[in-house]
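K.L.:
Chain residues, written in single-letter form:
Protein chains: 2
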Amino acid sequence: MVKSFSDRLKCVSHPKAQELINIILRKKSNLCFSADVTESQKLLELVDKVGPHICLLKTHIDIVSDFTPDLVTELRKLAKKYDFLIFEDRKFADLGNTVQKQFSEGIYKISSWADFINAHVVVGPGIITGLKNVAHNQGLILIAQMSAAGNLCHQAYIKEALMMAEDNRSFVCGFICTESVTSDESFLNFVPGVNFSSSGDGLGQQFVSPSQAVQKGADVIIVGRGIYQSSNPAATAKEYKELAYTAYLNLLESE
Amino acid sequence: MVKSFSDRLKCVSHPKAQELINIILRKKSNLCFSADVTESQKLLELVDKVGPHICLLKTHIDIVSDFTPDLVTELRKLAKKYDFLIFEDRKFADLGNTVQKQFSEGIYKISSWADFINAHVVVGPGIITGLKNVAHNQGLILIAQMSAAGNLCHQAYIKEALMMAEDNRSFVCGFICTESVTSDESFLNFVPGVNFSSSGDGLGQQFVSPSQAVQKGADVIIVGRGIYQSSNPAATAKEYKELAYTAYLNLLESE
Numbered sequence: 080m081v082k083s084f085s086d087r088l089k090c091v092s093h094p095k096a097q098e099l100i101n102i103i104l105r106k107k108s109n110l111c112f113s114a115d116v117t118e119s120q121k122l123l124e125l126v127d128k129v130g131p132h133i134c135l136l137k138t139h140i141d142i143v144s145d146f147t148p149d150l151v152t153e154l155r156k157l158a159k160k161y162d163f164l165i166f167e168d169r170k171f172a173d174l175g176n177t178v179q180k181q182f183s184e185g186i187y188k189i190s191s192w193a194d195f196i197n198a199h200v201v202v203g204p205g206i207i208t209g210l211k212n213v214a215h216n217q218g219l220i221l222i223a224q225m226s227a228a229g230n231l232c233h234q235a236y237i238k239e240a241l242m243m244a245e246d247n248r249s250f251v252c253g254f255i256c257t258e259s260v261t262s263d264e265s266f267l268n269f270v271p272g273v274n275f276s277s278s279g280d281g282l283g284q285q286f287v288s289p290s291q292a293v294q295k296g297a298d299v300i301i302v303g304r305g306i307y308q309s310s311n312p313a314a315t316a317k318e319y320k321e322l323a324y325t326a327y328l329n330l331l332e333s334e
Numbered sequence: 080m081v082k083s084f085s086d087r088l089k090c091v092s093h094p095k096a097q098e099l100i101n102i103i104l105r106k107k108s109n110l111c112f113s114a115d116v117t118e119s120q121k122l123l124e125l126v127d128k129v130g131p132h133i134c135l136l137k138t139h140i141d142i143v144s145d146f147t148p149d150l151v152t153e154l155r156k157l158a159k160k161y162d163f164l165i166f167e168d169r170k171f172a173d174l175g176n177t178v179q180k181q182f183s184e185g186i187y188k189i190s191s192w193a194d195f196i197n198a199h200v201v202v203g204p205g206i207i208t209g210l211k212n213v214a215h216n217q218g219l220i221l222i223a224q225m226s227a228a229g230n231l232c233h234q235a236y237i238k239e240a241l242m243m244a245e246d247n248r249s250f251v252c253g254f255i256c257t258e259s260v261t262s263d264e265s266f267l268n269f270v271p272g273v274n275f276s277s278s279g280d281g282l283g284q285q286f287v288s289p290s291q292a293v294q295k296g297a298d299v300i301i302v303g304r305g306i307y308q309s310s311n312p313a314a315t316a317k318e319y320k321e322l323a324y325t326a327y328l329n330l331l332e333s334e
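In order, the protein sequence lines correspond to chains U and Z.
Going by the numbering used here, the residue at position 220 of the first sequence is 299; the numbering climbs one at a time, nothing skipped.
Going by the numbering used here, the residue at position 86 of the second sequence is 165; the numbering climbs one at a time, nothing skipped.
Chain U extracted, bound-state conformation:
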């Protein structure tokens, strides 16, 4: 049985996850935009166009070749203006002692501005402890599955991801996954690789459509190239938003 986002609010405990669900309900959008561009100006222009239609902005801050701390300031302003949260897709993947430096220090100081971050579980539970030690209210998303062809997120791997999440409920908000990996409605499912016009990229990416993603359990769909390679990113984002939210409403009705 699929719970509505309103009902999910009752079982989701992390403040950032609650904030995200409230945005989803306010904006009728469960669309996350993955802004994988390498220039600050282009990134800000895109987000300014797409902002009204998204609940979440996903960044790869380390691909921006002209990064300065001002970029983060501007992104936070846009997040406030358009009512969305920011998820830095750093995919932390090192030992606890290292990830806490990668998260809080260096040029990017991710812990000072991101709402959500994510981590690979292959490292084991020490990565969660390390990140938690230096987090400022961030929510952690564990990578339980990937959309890449030939990935090694097999059943036993997913099961261990779930156990790590259950052991760290005060910090872990949900999963990167390609389908629902748990019946526990207190975790949110973020599904990447959503695109309605493409089937792959020759580098292992395997796309699914917005409605397919939602039917498979996506709470939030993540769309990158489908939007930023569009000739009209704002209109395309609106289209993804409507498709995904309609798919969610249909799923509720079909129960």
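One should not assume that every hint holds.
One copy or any two copies: either way a pair holds, since identical chains are not told apart in the list.
What the hints assert, rightly or not - 27 Å max Cα-Cα, derived DSS-like pairs, lysine-lysine:
1. 121 to 188
2. 156 to 180
3. 106 to 211
4. 95 to 160
5. 106 to 188
6. 82 to 156
7. 295 to 156
8. 128 to 238
9. 295 to 188
These are calculated hints, taken from the structure and not from any lab test.
Chain U is already provided as a structure; the job is to place chain Z on it using the hints.
P.N.:
Only chain Z this time, still in chain U's reference frame:
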């Protein structure tokens, strides 16, 4: 049967792996220093002290809070002065399309200065293709095992890492591992978490001694805190170097 580094030169084909073995033989050092400090000046001072004793410097460039491109220029100068190579321990862990941007663009432009990089295999083979597309003669090290407690690098996972390496011999030089994972002498084993005075860090790290690491199959031992937290990093690095190289010579003799 353990092959000497001289004999390994005959089966190792990647130019960077050959270069590394030649340095190991010239300097009688199979020590890699993991310079996990967050200030440029401290990093450069440490490397200037430790440089004479290492074959490889491992960096986490994204933890340096006052990073500028000058840091890389200075590190390359030290690499030339003291005859070592540089391994950026980025642990790439995303889809091909993303890692090629993380490797070649952004603030760090890792592909312009690193000799070695590494990647998690959980993503599947697309990560290797993505990195290879933008590599400038770098050698890739695949993470087959980790030194962290509770990591998910189980037997099937390691086997898939090996298959990915075998399928990409022109790019993959070896493995991050805690013990030899293959009898194929054309791959080099880089063993992290080496420390002769500690047993753990409370964040999942599990240390082994230099001789234990070499006996288990390390071609190169990676030492971080054991050296940079020492009151005399140069003397301590020399000690690690001698212990690890002696362990290697003893292993050859015992055959």
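K.L.:
State the violated hints by number, sorted upward, taking the hints as numbered earlier in the document.
P.N.:
The structure conflicts with hints 3, 5, 6, 7, 8 and 9, although it agrees with all the remaining ones.
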